[in-house]
Amino acid sequence: MPTYQLTVNGRLRHVDAEPDTPLLWILRDTLGLTGTKFGCGQGVCGSCTIHLDGQAVKSCQTRLKDVAEHTIITVEGLSKDGSHPIQKAWLAEDVAQCGYCQPGMIMTAAALLKHKAHPTDGDIDGAFAGHICRCGTYPRIRKAVKRAAGGAK
Amino acid sequence: MTNRRDFLRVTGAVGAGLVLGLHLDAKSKAGTAQFRPNAFLALRPDGTVCISVPKTEMGQGVRTSLPLIVAEELDLDWSRIEVVTALPGPEFKAMQTGGSTSVSSTWTPLRKAGAAAREMLKAAAAAQWNIGVDQCRTENGFVLGPRGRKLSYGHLAEAAAKQPVPKDPMLKQPADYRLLGKRTPRFDGPAIVTGKAVFGLDVRRPGQRFAAVLRCPVPGGQPRAWDETKGLAVQGVKAVVKVPTGLAVVADSTWAAFKGREALATSTTWDEGVGKDFSTLALEAKMRAALMGPADEARRVGDAEKALAAATNVLEAEYAFPYQAHATVEPMNATVHIQGEGVETWTGSQSPNEVQERTAAAVGLKTEQSKVNVTLLGGGFGRRLGTDFSTEAALVAKAAGGGPIQVVWDREDDFCHDLHHPATLHRMRAGLDGSGAISAWAHRIAGPSILRSWMGGQKSPDQASAEAGGALDIPYAIPAITVDFAEVEAPTPLGWLRAVEIVPNVFARECFLDEVAHATGKDPLQLRLDLLGDQDIVKFGQDEADLRRLKKVLQVATGKAGWGRKLTAGRGLGLACHAYDCRTYVAQVAEVSVVKGRLRIHKVTCAVDCGIVVNPWGLEAQVEGGIAFGLSALFTQITWEQGRTVQTGFQDFPILRLPDMPAVEIHVVLSREAPSGMGEPPVPLAIPAVLNAIFAATGKRIRRVPLDGESLT
Numbered sequence: 000m001p002t003y004q005l006t007v008n009g010r011l012r013h014v015d016a017e018p019d020t021p022l023l024w025i026l027r028d029t030l031g032l033t034g035t036k037f038g039c040g041q042g043v044c045g046s047c048t049i050h051l052d053g054q055a056v057k058s059c060q061t062r063l064k065d066v067a068e069h070t071i072i073t074v075e076g077l078s079k080d081g082s083h084p085i086q087k088a089w090l091a092e093d094v095a096q097c098g099y100c101q102p103g104m105i106m107t108a109a110a111l112l113k114h115k116a117h118p119t120d121g122d123i124d125g126a127f128a129g130h131i132c133r134c135g136t137y138p139r140i141r142k143a144v145k146r147a148a149g150g151a152k
Numbered sequence: 000m001t002n003r004r005d006f007l008r009v010t011g012a013v014g015a016g017l018v019l020g021l022h023l024d025a026k027s028k029a030g031t032a033q034f035r036p037n038a039f040l041a042l043r044p045d046g047t048v049c050i051s052v053p054k055t056e057m058g059q060g061v062r063t064s065l066p067l068i069v070a071e072e073l074d075l076d077w078s079r080i081e082v083v084t085a086l087p088g089p090e091f092k093a094m095q096t097g098g099s100t101s102v103s104s105t106w107t108p109l110r111k112a113g114a115a116a117r118e119m120l121k122a123a124a125a126a127q128w129n130i131g132v133d134q135c136r137t138e139n140g141f142v143l144g145p146r147g148r149k150l151s152y153g154h155l156a157e158a159a160a161k162q163p164v165p166k167d168p169m170l171k172q173p174a175d176y177r178l179l180g181k182r183t184p185r186f187d188g189p190a191i192v193t194g195k196a197v198f199g200l201d202v203r204r205p206g207q208r209f210a211a212v213l214r215c216p217v218p219g220g221q222p223r224a225w226d227e228t229k230g231l232a233v234q235g236v237k238a239v240v241k242v243p244t245g246l247a248v249v250a251d252s253t254w255a256a257f258k259g260r261e262a263l264a265t266s267t268t269w270d271e272g273v274g275k276d277f278s279t280l281a282l283e284a285k286m287r288a289a290l291m292g293p294a295d296e297a298r299r300v301g302d303a304e305k306a307l308a309a310a311t312n313v314l315e316a317e318y319a320f321p322y323q324a325h326a327t328v329e330p331m332n333a334t335v336h337i338q339g340e341g342v343e344t345w346t347g348s349q350s351p352n353e354v355q356e357r358t359a360a361a362v363g364l365k366t367e368q369s370k371v372n373v374t375l376l377g378g379g380f381g382r383r384l385g386t387d388f389s390t391e392a393a394l395v396a397k398a399a400g401g402g403p404i405q406v407v408w409d410r411e412d413d414f415c416h417d418l419h420h421p422a423t424l425h426r427m428r429a430g431l432d433g434s435g436a437i438s439a440w441a442h443r444i445a446g447p448s449i450l451r452s453w454m455g456g457q458k459s460p461d462q463a464s465a466e467a468g469g470a471l472d473i474p475y476a477i478p479a480i481t482v483d484f485a486e487v488e489a490p491t492p493l494g495w496l497r498a499v500e501i502v503p504n505v506f507a508r509e510c511f512l513d514e515v516a517h518a519t520g521k522d523p524l525q526l527r528l529d530l531l532g533d534q535d536i537v538k539f540g541q542d543e544a545d546l547r548r549l550k551k552v553l554q555v556a557t558g559k560a561g562w563g564r565k566l567t568a569g570r571g572l573g574l575a576c577h578a579y580d581c582r583t584y585v586a587q588v589a590e591v592s593v594v595k596g597r598l599r600i601h602k603v604t605c606a607v608d609c610g611i612v613v614n615p616w617g618l619e620a621q622v623e624g625g626i627a628f629g630l631s632a633l634f635t636q637i638t639w640e641q642g643r644t645v646q647t648g649f650q651d652f653p654i655l656r657l658p659d660m661p662a663v664e665i666h667v668v669l670s671r672e673a674p675s676g677m678g679e680p681p682v683p684l685a686i687p688a689v690l691n692a693i694f695a696a697t698g699k700r701i702r703r704v705p706l707d708g709e710s711l712t
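Note that the protein sequences, when read in sequence, are chains V and U. Position one of the first sequence corresponds to residue 0 (numbering that gives the first Met the number 0), numbered consecutively onward. Position one of the second sequence corresponds to residue 0 (numbering that gives the first Met the number 0), numbered consecutively onward.
Bear in mind the hints are in silico, worked out from the structure with no lab data behind them. Just to be clear, a hint being listed does not mean it is correct.
As the list claims (entries may be wrong) - The list that follows gives simulated cross-link-like pairs (lysine to aspartate or glutamate, EDC-like), each with its CA atoms no further than 16 Å apart: (1) Lys-142/V - Glu-664/U; (2) Lys-699/U - Glu-514/U; (3) Lys-195/U - Glu-75/V; (4) Lys-195/U - Asp-80/V; (5) Lys-64/V - Asp-80/V; (6) Lys-550/U - Asp-529/U; (7) Lys-370/U - Glu-340/U; (8) Lys-551/U - Glu-672/U; (9) Lys-237/U - Asp-251/U.
Start from the sequences and build out the full structure, keeping to the hints where you can.
Written as structure tokens, this is what we have:
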């Protein structure tokens, strides 16, 4: 098996695995970073969203061989202590219910704000259209994104 | 000797502080059984407080709401509380979590436990200060005495443990609440937003392996022939073992297990079993026939058939609701380790006691040799009341040398081998007298029985009433009512889905009532108020609904939504209401528009009376989420062809997403009644409110779910 070199949450990691292994399973099973969730494995629920070179991507649709030498941030690496503005806004609006889809939502929200400091409702619709929350936390997600955007002024 | 008043006891060892065990089954009769506390409250000498929660957390907020009830009576410092989920066993025998009952079933014992501990702390402080107990009061983790004296609970815990446990401690008045009724963020929030929260799939044990089970696409089918070398040829695969549900591929990673299973599948042939020809198309024909055949009565008032025969006019309509999937975002999974004389399981379950028992039985051990660690649940909605996935994992672990093994279902497994909610057809008839008043109401439900499937194929004497919730408890004063259930068999395993049969039954009931209103030229709100009449209470067997509370939520929801206001063309308001289990009163008004056949749900206004509100944030989350859950079912369905589900993933099961979520406006009718429940009550009203609004907007009456886009053009 080939060895790949990745930077995950600021740490250089060496991974021996098949080249077509989805990044999701490298994170969860090889590196023990279980904050990134498995929901569908088909790229339609958004639970596995991470940042690849600052872009929100679905890690279940990202192959190991394509991310070597790239920079990966997972929910565990978003901040040292839960102090990212999105994490704070999520708590201030008490967004989560069961919480399972939330790391993916949070990674999408953080990427959205990075690219657009003051997103419109349409921007928010577009960013989260690829996510499913079966508990229905959507109204609070919208509020939390707006709260974090306001705080970033 | 123990009696029912002896619900509390000091159970901690010396040095542990004040540890109270309490018995939560408030309904149990006086007994002679050994005292078995089933919840614990520990005030430690260091000032921290640990509360064990005897229900499972699936997003409904029990790990916040139940501790809040204790903390209120005990005047705890909320910031120093630790919450743990209990372990099922002889102490915790009733952990099953469902039916929106967690708060209502624990409300009184948790308050009494908190109040008893408060009295014991005050008594300990009074003894230390040598003053009367009545000179002491409590505040935020301290006992306060005269002239600024102050002792922390941690300091007093040991001495308090030596005080007698009061049998009937004085409970606070709602006016004195400091925590209840105020927005408290959920306890697990910080762990969730940092990715530290542990769900079933996040369990990692030393030496753990992963397994995926190759299952017959027809539930109940069995592999006939397979070539295990195909699976073993995949890098990382360690074993292929036969289990009752199929062939388990055991590997050193989840991905290797999935790849191995895929390879194994190419070599496998199936005996598809008795379900192989099942289709929802054929089922629907049988259900339609059953609408006209014999049925089991669920409720009868007067003689509805006679009244229908005598009616001036009879309105009749057929309503249809499809099979549905739970579609929790976390697929089913369990991790099992068999070691020597014990089996340990880690899983997100709504039925921890049943998991303990059935896992033990599956591997040939006794219940007391089985330990179950309940993780957070990545969605429950009734799916995780089932123990199929934990028992399967135990059998995989046993066949593969003991484990620890995590059995992971993928999305397709989860859709195809769900314990689905079954389809139903509804024949609705209303008799009208010469003045247009409703003289008779007949609601026939035809479909498979969830209860029979749950009871292993046995028919329960309660079957008809169990399948008729929301139909039999129609709150309207109609002189002749009949509600019955005609069972139609289906070979697929069925289970409970959030609000269960109340969803289709209230959909049919509230939409058909809207039809009657329009047919008789009455306003749908006025018709409901007229039918609720001057009666205060209506009885359904042992239960009784307070119609004053139902009328109030109707008036509040419609008032806030601007019922009766003039709307632009293509826009409409629709209404639905229900007294959920005669406990939680909900009314919803939906505002929709239909422009060129495209539906937009702009807003749902919801009024609710669920008694005293423990945590308004929790209540509001359940209303928002319940409406999203209810609305999803307007667009989703599971259909069957040749014994297989046609839908295999989220791509063909369009759960509501953020861009389509309507605004939700919530109005709580304040009440001093004991709290009821909020997880399910908001769900069943979303569909009828929206469909009634579509009629108001377009004149098109939709009687079939899921909504077919073409029916609006």
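These are the hints, each one checked on the structure:
1. Lys-142/V - Glu-664/U: holds, 14 Å
2. Lys-699/U - Glu-514/U: Holds - the C-alpha atoms of Glu-514/U and Lys-699/U are around 11 Å apart, at most 16 Å.
3. Lys-195/U - Glu-75/V: holds, 8 Å
4. Lys-195/U - Asp-80/V: holds, 11 Å
5. Lys-64/V - Asp-80/V: violated, 31 Å
6. Lys-550/U - Asp-529/U: holds, 10 Å
7. Lys-370/U - Glu-340/U: Holds, at roughly 11 Å.
8. Lys-551/U - Glu-672/U: Satisfied, since the Cα-Cα distance of roughly 15 Å is no more than 16 Å.
9. Lys-237/U - Asp-251/U: Roughly 7 Å separates the two Cα atoms, so the pair holds.
In this structure, the one hint that does not hold is number 5.
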